[in-house]
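Trainee: Listed in order, the protein sequences are those of chains H and E.
Residue numbers for the first sequence follow this note's numbering, so the first one is 829 and each next one is one higher.
Residue numbers for the second sequence follow this note's numbering, so the first one is 14 and each next one is one higher.
Hints listed in this document are in silico derivations from the structure and should not be mistaken for laboratory results.
Heads up, a few of these hints could be off.
Straight-line alpha carbon distances no greater than 30 angstroms define the calculated DSSO-like cross-link-like pairs of lysine-lysine that follow [said to hold, decoys possible]:
#, chain 1, residue 1, chain 2, residue 2
1, H, 830, E, 244
2, H, 983, E, 244
3, E, 325, H, 858
4, H, 858, E, 168
5, H, 983, H, 879
6, E, 614, H, 858
7, H, 899, H, 916
8, H, 830, E, 290
9, H, 830, E, 614
Please read these numbers as outputs of a predicted model, since none were measured by experiment.
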Amino acid sequence: MKVPVSLRIAALAVATTGFYTYVGQLVPQKEVHPPAEVAISKDMKPDEMAKVGREIMEGKGLCFTCHTIGKKGPLRFPDLEGVDVRAKSRVPGFSDVDYFAQSIYQPSAFIVPGFNPGMPVINKPPIGLTDDEILAVIAYLQTLGGKTTVTMQTKLPYQAGGNGQAAAGTVAPPPAGPTGGPAATTAAAPAPQNAGKKPETPQNPNPSPPQ
Amino acid sequence: MMKKGLAAFLAALLGFAVIVGIATFLLRREYHAPYRAPAAVTQETPRAQGIADEKAEVEKRDKEKPYQEVEYRQFPKIGSRVAVWIAAQLHLLFAAFVLAVPLFALAIEFIGYRTKDRRYDRLAHEFTKLLSVSFSLTATFGAMLTFGLIILYPKFTTYLVSVFSPTFLPYVGLFFFEAFFLYTYYYGWGKFSPRVHLALGLGLNVVGTGIMLIANAWLTFMTSPSGISEKGALISTWDAVRNYTWMPINVHRIIANVAFGGSVAAAYAAFKFLGAKTDEERAHYDWMGYIGNFVAICAFLPLPFAGYYLAKEIYAYSQTLGLTMMGGAFSWLFIIQAVLIGNLFLAANYYLWLGMGRISGAEQFQKYIKYLLILVATCFAVWATPRSIISTVSEVRAMGGSAHPALQFLGVMSAKNTAVNILILTTFLSFLLYRRSGKTPTVSWAKAGNRAQLAIFLVAATIVISLGILGYFVEARVRIGFSIPQVLSVLFTMVSVTVIDVFLYRNATKTGEVRWGQIAPISQYVLIFIAVTFTWLMGLMGYVRSGLRQHWHVYGVIRDTSVDAFTPTLGFATRIVSVCVLLFFLLISFVFWLASLTGKKDWEPRPEKAAETERPGLEPVGAAE
Ligand code: HEM
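One chain only, chain H, in its complex shape (with noise of 0.2 angstroms):
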């Protein structure tokens, strides 16, 4: 019996499909969830800080995405491994806590000699960290090489308020947000702009509630 050709062009798609969807299979198969929040309380050890820091940084703060811990070569992004060292020498006049703290709200302000710039600003969506988050993150930086030393309490000079909170609701950024100016550009000090304006979600520009 011959098989009819409209079968066969029907089984050679089914098949060609099949085959397709059998390589999805076989390749690992990840299901990448929203980084999940960290617990952060105001009255966190050092130790606590860097601990829960590490986490950030492999989690919400997708610092892992680029940077390595130990790795040697020719690399695209600097390795942090005794970071806190460099970080006490890099700009003039900034202890290490004030250039992490610049590394992360300005990236491109300082820019570590023989690389591209390309760091994305810390405190902004996509990543968006809030300003306690960072601080954790700094006291692991700081363990790469030294001693934890900056507190929960710590004033960075880029915070807004004071106080940082956990994005709210859809529109991402962070009510803690608005510092140092568009994108951080040059060296200036940080002017936060409108930091007192009240978070606003974008909206339908109307909103006129049904009768």
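Here the structure of chain H is known, so what remains is to put chain E with the ligand in place on it, guided by the hints.
Mentor: Chain E with the ligand in isolation, oriented as in the chain H frame:
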């Protein structure tokens, strides 16, 4: 006509099932007032009074009900994500087809006009036959997608509207003109002077491209938003339109659409070829399939370059996004993409080689083919393997995390770039050999010309390969720069060799005829395979484009807080892609079948017995004769 009866019965059955499905769905959602058992205490109130009280209470409650904005609604069973995904993908596939076919139909019609060869005109007409039903299907899925978004993602949709509302009216206007041009172009075939008709076709293409540019603005904005404040408020719609990925997607899409449209049109020809009953029909559809495939491959060759341009702009917009794409969760997707593209190259070359069988005097070239085959297979292997040696993301982390993205995209990419460039050169060479089959150049400088072409090929291959090898020994930063001379030398080769070839084979003597229709039938299945692979590739890449945003509706601006905020596994994604592809082919075979009805004889009543004996043996897909 048993088949006809069977098809009608199946269609009726399907229709019935759909209706039953819709009805059960609606009934399940219908509001049923809860039944209240009359409790002993309530006996005190007279029944009528009780009912009135209850009613008054409900009324009161209804009146005072506050209006609440909903962020998300759930689509039953498959969920909102998958529902919108399928609608969007089918819409895109049909839209791509409807935009692409006029592009090359017009080109073919123009060739017919210039060469005065009626065959081209007829071919262009035949291609456009596939358009009108596809156009309706595009609009249907577009409406489904729009309603899907409004119903299932109301808050996000409102946001997009707030940014893009000024683009909607032009869109609708263009859509109207698209319909106008499409139908006048199709129904006006042969009814106007050729110039007027060509102008209509041009209008159709201009308007269609305009529509695509506007729609691309919406979806590229979601990946790389611009023109808005930090809080997402609109500053400039125009800036939102020309965001980072808009132009690269426009370019990549136009080219990919043509490649896709060509391959689907070739599949149509293949389907007609396989069902053809006369040699004349076979010759015609062989030729049509050849042209469709030719269009597809011509558009396919520059696609990788457009892809790199797109990737570059994504990196320029946000390194984090770029690294998510090439180094993070999606890096494995590009392995799958490599398998697909490798298959396309293999199949395209195979088809060309089979095609030499229809040319007498092609034997002299056929001996080279096994070498080309080896080359293609090797490149394919190189392209698909190195990255897969590293097996899991965590293993990569263990190997030193961050170098991984660099490795992915630019490190091992060195070998991949080389492989893909050689693949392109090889396919181009196959084309060239095919073109030459059965012809002998008559120009005086034939030998020199051939040598020049060979020299260009060799130099380009040497540049590509040596840079590829050198890439292993230099820093990442230097290596990035290498891809540019590689690409340029391939592009230069294709252009210069083609130019030489055109002049070389001017007035060439024909030593062998092209015997259209005399090609191994397997070649037609190859064409169908190419079309399915292309469609699947579209689906896969559409998924990267939108999956890349991960838990964002608008990257960095509107966060996805729905239950679908996570990024599914590639296994899941590929299954959905397959569902979309199969649905597309189901629908497109319906379109093919409708298009083939025009050539059929009108229905006439005839005696029952005679019909039985007349039943044809072979029938193409969906042909319910
Ligand atoms: C190797 C570098 C490439 C990269 C990084 C790349 C990247 C992408 C991305 C991100 C998309 C999504 C855009 C969209 O949905 O419109 C896309 C779409 C697509 N790509 Fe590529 N691509 C590359 C090469 C290719 C090649 C070689 C082909 C050859 C067939 C190809 C075919 C397609 C198709 C068919 C689409 C769908 C277009 C559409 O949605 O209209 N790409 N590509």
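Trainee: Check whether the Cα positions of residue 830(H) and residue 614(E) lie no farther apart than 30 angstroms.
Mentor: holds, 26 angstroms
Trainee: Compare the distance between the alpha carbons of residue 614(E) and residue 858(H) with 30 angstroms, and conclude whether the hinted pair is satisfied.
Mentor: Answer violated: residue 614(E) to residue 858(H) is near 55 angstroms, above 30 angstroms.
Trainee: Taken at face value, is the distance from the CA of residue 879(H) to the CA of residue 983(H) at most 30 angstroms?
Mentor: holds, 20 angstroms
Trainee: Between residue 830(H) and residue 290(E), does the CA-CA distance stay at or below 30 angstroms?
Mentor: holds, 16 angstroms
Trainee: When you check the alpha-carbon spacing of residue 983(H) and residue 244(E), does it fall within 30 angstroms?
Mentor: holds, 25 angstroms
Trainee: Regarding the pair residue 899(H) and residue 916(H), is the alpha-carbon distance no greater than 30 angstroms?
Mentor: Holds, because 21 angstroms separates the two Cα atoms, which is no more than 30 angstroms.
Trainee: Keeping to a limit of 30 angstroms between CA atoms, is the pair of residue 325(E) and residue 858(H) held or broken?
Mentor: The hint holds at about 26 angstroms.
Trainee: Between residue 858(H) and residue 168(E), does the CA-CA distance stay at or below 30 angstroms?
Mentor: holds, 29 angstroms
Trainee: Has the given pair, residue 830(H) with residue 244(E), been kept, meaning a C-alpha gap of at most 30 angstroms?
Mentor: Outside the cut-off at roughly 65 angstroms; violated.
The earlier numbered hints that this structure contradicts are 1, 6.
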